[in-house]
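Q: Residue numbers (the UniProt record's numbering), protein chains in the order written: chain E, 1 to 402; chain F, 1 to 973.
Hint data in this document are derived by calculation from the structure and do not stem from the laboratory.
Since the model is a prediction, treat every value here as computed from it, not as a measurement.
Worth double-checking, as some hints may not be accurate.
[To be verified] Keeping only pairs whose Cα atoms sit at most 25 Å apart, straight-line, the calculated SDA-like set for lysine to any residue is:
1. 755(F) x 858(F)
2. 379(E) x 129(F)
3. 143(E) x 107(E)
4. 871(F) x 296(E)
5. 389(E) x 386(F)
6. 762(F) x 722(F)
7. 379(E) x 271(F)
8. 136(F) x 94(E)
9. 368(F) x 265(F)
10. 377(F) x 389(E)
11. 136(F) x 271(F)
12. 7(F) x 107(E)
13. 241(E) x 386(E)
14. 388(F) x 351(E)
15. 379(E) x 376(F)
16. 755(F) x 107(E)
17. 377(F) x 94(E)
18. 379(E) x 69(F)
19. 388(F) x 94(E)
20. 389(E) x 539(F)
21. 379(E) x 72(F)
22. 379(E) x 899(F)
23. 389(E) x 722(F)
24. 129(F) x 249(E)
25. 762(F) x 843(F)
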Amino acid sequence: MTEYDHVTDDIKAVVEDTELPRRLRRRVYDSIEEREGVTTEQADEIARAAEAEYLDARIEPLEPAGTVSAQSIGEPGTQMTMNTFHYAGVAEIDVTQGLPRLIELVDARKEPDTPMMTVYLDDEYAEDREKAREVVWALEATKILALGDVSTNVADMVVRIDLNEETLLERWPTADAAEPVAAEIAETIEDALGVDTRHQGMAIEFGPSEPSYRELLQLVEELREIVFKGIEEISRVVIRKEELDDGEEFVLYTEGSAFGDVLRIDGVDASRSTCNNIHEIHEELGIEAAREAIINETIDTLREQGLDDVNVRHLMLVADIMTNEGTIESIGRHGISGSKDSVLARAAFEVTVNHLLDAAIHGESDDLNGIIENVISGKPVSVGTGDVKLRMGSMETSPADD
Amino acid sequence: MSTQTPKQLGGIDFGLMDPETYRDISATKVITADTYDDDGYPIDMGLMDPRLGVIDPGLECRTCGQHSGSCPGHFGHIELAAPVIHVGFTTLIRRLLRATCRECGRLTLTEIEMEEFRDELDRAEDLGKDPDTVLKSAVRQARKAGNCPHCGEPQADIKHEKPTTYYEVQNVLSGEYSEIIAEAMQPDDEDEDDEGMSPQALSDETGIPLDRINQILGGEFRPRDEGRRALEKALDVDLTEEDMNKLMASDIRDWFEQIPDSDIEVLGIDAADSRPEWMIMTVLPVPPVTARPSITLDNGQRSEDDLTHKLVDIIRINQRFMENREAGAPQLIIEDLWELLQYHVTTFVDNEISGTPPARHRSGRPLKTLSQRLKGKEGRFRGSLSGKRVNFSARTVISPDPTLSLNEVGVPDRVASEMTITINVTDRTLEEAKQYVANGPETHPGANYVKRPDGRRLKVTEKNCEELATKIEAGWEVNRHLIDGDIVIFNRQPSLHRMSIMAHEVVVMPYKTFRLNTTVCPPYNADFDGDEMNMHALQTEESRAEARVLMRVQEQILSPRFGENIIGAIQDHISGTYLLTHDNPQFTETQALDLLRATQVDELPEPDGEDETGPYWTGRTVFSLLLPDGLDLEFDSSAGDTVIIEDGQHLQGTIDEDAVGAFGGEIVDTIVKQYSETRARVFINEVAALAMRAIMHFGFSIGIDDESIPPVADEQVDEAIDNAYGRIDELIETYRAGDLESLPGRTVDETLEMKIMQTLGKARDSAGEIAEDHFADDNPAVVMARSGARGSMLNLTQMAGCVGQQAVRGERINRGYEDRTLAHYEPNDLSAEAHGFVENSYRGGLTPREFFFHAMGGREGLVDTAVRTSKSGYLQRRLINALSELEVQYDGTVRDTSDRVVQFEFGEDGTSPVKVSSDEDFAVDVEGITDRVLDAEFDSEIEKESFLTPSEPPTNLSEHTDTALSSEVESDD
């Protein structure tokens with residue numbers, strides 16, 4: 001807590017006496033501090049006026065916040081596009097956007113349609129393009145076609161790889177010479193394909209153990225799939241120079257995601273890097289981070305469609321209910337709606353008959369407390385004005401009166 | 001009816017029912033497959049037995065003695081000749097068969113395992129997890145047991161043939177064992193190493209004596225289990241075949257009866273309410289007649305309900321089954337009949353089982369049986385329980401009426417005299433009520449029904465109205481017509497947010513449409529191209545009060561989605577205020593008063609100046625008359641200037657969409673938040689009225705000539721497009737020569753496409769700029785685009801300059817023939833015109849080919865909208881279903897109905913999304929408050945006190961009784 005010179009204990013007492021939340025109290029102190037010479041009486045008035053304004057802005061008790069939030073997210077859904085366009089800019093990465101992305105998020109899909117990551121870099125890596133490149137090579141899955149030419153010699157039944165020396169040195173920045181790297185590559189091929197390789201200089205040759213044209217082609221196919229460096233899931237990395245408040249830095253955008261692996265790579269700033277798969281974030285950083293990720297992803301999706309006027313508070317509520325159990329639950333039959341306590345509420349949503357049959361087997365009972373159950377049984381719903389237990393003109397008269 | 005005490009549903013228990021209970025609650029046993037006899041009377045113990053309830057008026061129920069309408073109906077039962085499986089439980093039956101012992105019925109789990117699963121079940125219950133997962137893992141575990149841990153009996157595998165047949169599978173020695181062995185002993189022709197095996201070698205390897213081997217090979221001896229296994233191992237063959245023993249429903253029932261309650265509970269099955277053997281039915285309940293009413297057609301023929309048809313089938317087969325069994329028919333026939341009975345009972349429960357042909361009506365339509373009645377959108381749950389049809393509602397086409405307040409709705413007189421509101425007659429309302437009744441049902445403020453204190457409802461007719469009016473006294477109820485000032489609920493579907501249903505005050509009007517003020521179009525998303533809306537008349541005093549306080553249009557000016565106003569000026573209103581304030585024109589006294597004619601302002605302030613025609617008032621001065629005193633605002637308008645309002649005087653800037661428009665018009669938003677909803681309503685009404693007079697004063701129209709540009713400009717546009725074509729040709733040449741440098745991460749083809757798209761986009765933009773340069777500032781299309789009233793500069797570009805590239809899936813049009821879009825082009829033509837660039841403007845007209853490409857782009861848009869509506873509708877339904885239980889509590893937490901906390905403070909700070917706009921960081925302006933307190937800017941103690949205490953919103957009164965308001969407005973000028 002910061003010390004204030006002009007905030008006396010009396011002022012503190014009157015301010016602390018209000019219902020102001022901590023953040024606002026702090027601002028009241030700041031404001032008093034700035035002015036100097038505020039009397040206790042004035043401080044009391046300031047605090048009371050701030051309190052009055054705060055209480056006026058508060059959400060009213062018994063407000064059906066859930067329904068309002070659901071409507072506030074669902075309604076703009078009708079204005080979103082179905083098309084999945086690319087980002088603005090030329091070399092950017094295609095990402096699912098619009099309504100499909102929003103649906104993907106509330107569905108809590110295990111794997112997004114287009115996984116991607118935004119990787120921020122630590123100081124030195126962020127400033128130097130060469131250093132940033134190093135991280136790129138550590139991320140991007142390097143396949144054989146990026147390293148050299150592959151040719152098949154049907155007569156000798158061999159596959160020949162002519163590695164590009166420059167590329168090797170570029171992609172293995174720690175290596176002094178290309179030769180050991182080539183040896184390493186040959187070894188990787190041996191391990192992956194189970195063949196013997198002959199390598200000399202920048203050339204690697206190998207073939208099927210028994211001459212077979214089919215097998216030769218098969219080997220080439222498999223060869224193309226081998227990942228020599230980088231992370232298999234990440235198929236492409238784009239470097240972008242971005243302007244920040246305190247200068248420029250390089251930021252990496254990846255197609256494909258492997259959040260856990262990436263965070264552990266040298267030069268990656270784990271505190272800022274993020275990915276669009278909420279499950280990966282949940283696994284790596286926990287449920288609170290997942291909640292934050294859901295909010296950020298939904299708000300980004302809405303912003304891309306020009307609908308960023310949607311109040312964040314609604315998105316928070318959705319994220320909160322999705323993460324309420326400590327795990328990510330989807331909105332719908334397999335998640336929140338399917339795990340409700342009430343049989344009738346579940347039956348009224350989807351797969352009606354199965355829910356009723358299961359309820360019979362487990363001998364469930366429905367107390368009819370929820371909204372949907374009350375609608376079904378024709379009682380007032382317990383939200384909003386229906387939740388107020390107030391009776392008019394029902395004063396009890398003493399028995400002596402009649 | 002009134003003798004019954006009203007009861008409330010406290011809860012519902014679910015469970016299976018014991019056949020004995022079925023018999024107990026049954027009103028009658030049903031044995032006849034017929035419904036009515038020749039005289040049209042229901043047959044005794046038939047499907048329409050009067051003990052099952054009555055549907056024909058005049059008949060009396062033989063169980064409860066009530067008549068049709070009040071008799072709820074009573075269940076009957078059919079004694080099934082043989083047990084039959086309930087289709088809903090086939091999976092569970094399979095699991096139970098697999099998990100329990102065929103001999104002793106115990107769960108094939110050890111006591112320790114059972115204890116573990118019991119614990120797991122408790123945990124699942126505590127955590128609110130699905131008990132089914134425990135059941136599944138317990139069954140998986142139990143199935144592994146080869147022998148029953150309780151009685152030691154070996155367990156057979158159960159095969160389930162969907163939907164309702166079960167087999168016990170046992171491996172027994174194949175009938176052709178000798179052939180298989182002999183075959184295996186022969187040397188393999190293809191494999192030279194294999195010399196076959198002699199009987200002696202086989203004997204040595206298996207340890208079976210040679211003569212036994214010979215017997216086995218001769219088929220005289222069947223090897224036992226051990227010998228069989230040894231033989232199989234030695235010869236590497238499979239000597240067994242699967243033997244399938246069909247389990248009849250009665251067998252399963254016997255099996256399940258043995259399972260002890262304690263074992264069942266390990267699986268999470270409630271043994272007290274749901275014994276597993278009850279899943280196999282021996283008694284079939286017959287639903288009451290009231291649940292399957294028959295309809296009498298015009299020709300007097302009766303048409304039975306689908307369920308009745310199905311029950312007829314069941315009873316017929318049941319009868320045949322019994323007859324055949326008594327006659328001692330062969331087993332084969334009995335089994336066939338059993339299967340048939342099973343089929344009919346199955347389809348009676350669910351007629352959409354995969355693998356079973358659905359039972360059909362004579363016309364070929366599949367029958368709608370029990371499951372189908374519950375399922376889906378029109379099913380019992382979603383169609384009849386969660387959503388219901390209601391009385392006191394009306395629907396008709398809507399049309400605009402600028403003379404109404406936004407709180408009002410114009411109701412056609414014929415709707416007003418059909419829909420009624422119930423008033424309780426008391427001493428105070430007696431005279432009023434008498435007058436309504438005396439007017440009768442056809443004169444407008446009349447009444448349609450009266451209800452006497454004894455509960456009798458009397459229809460008011462033209463003949464009896466005078467007489468009835470005299471009888472009315474306190475305690476009666478009168479259903480009177482809707483009159484001006486009544487509150488009704490008004491709704492337009494789809495009801496996507498809460499502003500789709502709002503309360504309005506009735507204004508009874510002639511003709512047949514509902515009339516609304518145009519400013520309420522945005523919240524309803526309504527237009528007048530044939531839209532229809534629904535109206536509901538409220539029937540209780542409580543609901544009317546709630547509607548007035550919470551649901552009236554003026555209470556909904558702020559949208560909770562973005563915390564700013566959603567009601568405000570639209571379209572012509574905005575053009576109107578733009579014309580009025582943009583160039584700040586001058587008006588004579590007559591003109592100024594004419595502008596204000598439709599508002600409540602009837603006095604002009606001091607003139608702004610004088611010219612040769614006399615004193616004049618400027619547009620901004622006139623507009624200022626509508627603003628409340630003390631309003632201070634400064635913001636940028638979309639027309640591009642800064643609007644300054646000081647103390648309710650509009651000093652500078654253009655009033656356009658950003659100032660008064662729906663969706664966050666600054667002035668409207670500020671008035672609702674700083675003054676009151678009522679003040680904002682008055683402001684919006686008056687702005688609309690003023691704007692309409694203003695636009696009429698200036699005159700505003702748009703025609704095709706407003707989009708034409710001079711020939712010079714046309715030439716410039718052509719030139720711009722030609723330049724683009726030139727650049728594209730260059731690009732294509734570079735590409736063909738293989739010199740095109742690809743962008744990072746893109747192929748050369750993609751790069752070319754992107755560059756072409758970019759060039760064409762720029763070409764269209766420059767065409768737009770050229771066109772824009774040649775439009776006068778007073779061009780109506782420009783005025784609309786700049787003010788934000790309607791349309792955009794892009795629309796204008798397309799009309800006057802160039803329509804631009806047509807796209808399908810975000811790319812140039814590439815589909816059609818092989819390597820080309822249309823037969824008009826060479827294959828592999830990459831030019832702009834061959835891929836859907838429309839160089840003409842809409843006004844100039846499209847060439848046939850351009851038109852065709854344009855239609856392709858247009859079609860994609862249509863498909864997109866169609867797909868989107870269904871997808872987003874489902875998203876909305878899921879969201880609402882998941883979140884509907886959440887409510888803010890008095891302690892500020894957000895909880896669901898079972899009191900689980902979801903948020904400790906709504907939106908982390910507890911502020912309302914209605915009162916705080918989404919782009920504001922903090923709700924409370926502490927600095928401003930401090931300054932105000934320190935500078936002591938208060939006119940009076942009262943003002944200071946109201947500044948220091950939370951505000952109490954005033955209770956809202958009717959539009960017509962808002963006296964406080966008219967004085968407030970008067971005080972403005």
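Q: For the pair we were handed, residue 377(F) and residue 389(E), check the Cα-Cα distance against 25 Å.
A: 34 Å, violated
Q: Quickly compare the C-alpha distance for residue 388(F) and residue 94(E) to 25 Å and report which way the hint goes.
A: Roughly 46 Å between the alpha carbons, so the hint for residue 388(F) and residue 94(E) is violated.
Q: Verify the proposed pairing of residue 389(E) with residue 722(F), using a straight-line Cα cut of 25 Å.
A: It is violated: about 76 Å lies between the C-alpha atoms, which goes past 25 Å.
Q: With the threshold set at 25 Å, check whether the alpha-carbon distance from residue 762(F) to residue 722(F) stays at or below it.
A: Answer holds: residue 762(F) to residue 722(F) is near 12 Å, not above 25 Å.
Q: Check the hint pairing residue 379(E) with residue 899(F) against an upper bound of 25 Å on the C-alpha distance.
A: 19 Å, holds
Q: With the threshold set at 25 Å, check whether the alpha-carbon distance from residue 871(F) to residue 296(E) stays at or below it.
A: 22 Å, holds
Q: Has the given pair, residue 755(F) with residue 858(F), been kept, meaning a C-alpha gap of at most 25 Å?
A: OK: residue 755(F) and residue 858(F) at ~23 Å, within 25 Å.
Q: Under the criterion that the straight-line Cα-Cα distance not exceed 25 Å, is the pair residue 755(F), residue 107(E) satisfied?
A: The hint is violated at about 37 Å.
Q: Check the hint pairing residue 7(F) with residue 107(E) against an upper bound of 25 Å on the C-alpha distance.
A: Roughly 41 Å separates the two Cα atoms, so the pair is violated.
Q: Residue 388(F) and residue 351(E): Cα distance at most 25 Å?
A: 20 Å, holds
Q: Compare the distance between the alpha carbons of residue 136(F) and residue 271(F) with 25 Å, and conclude whether the hinted pair is satisfied.
A: Holds: residue 136(F) and residue 271(F) sit about 17 Å apart, inside 25 Å.
Q: Starting from residue 143(E), check that the Cα of residue 107(E) is at most 25 Å away, please.
A: 34 Å, violated
In this structure, the earlier hints numbered 2, 3, 7, 8, 9, 10, 12, 13, 16, 17, 19, 23 and 24 are contradicted, and the remaining ones agree with it.
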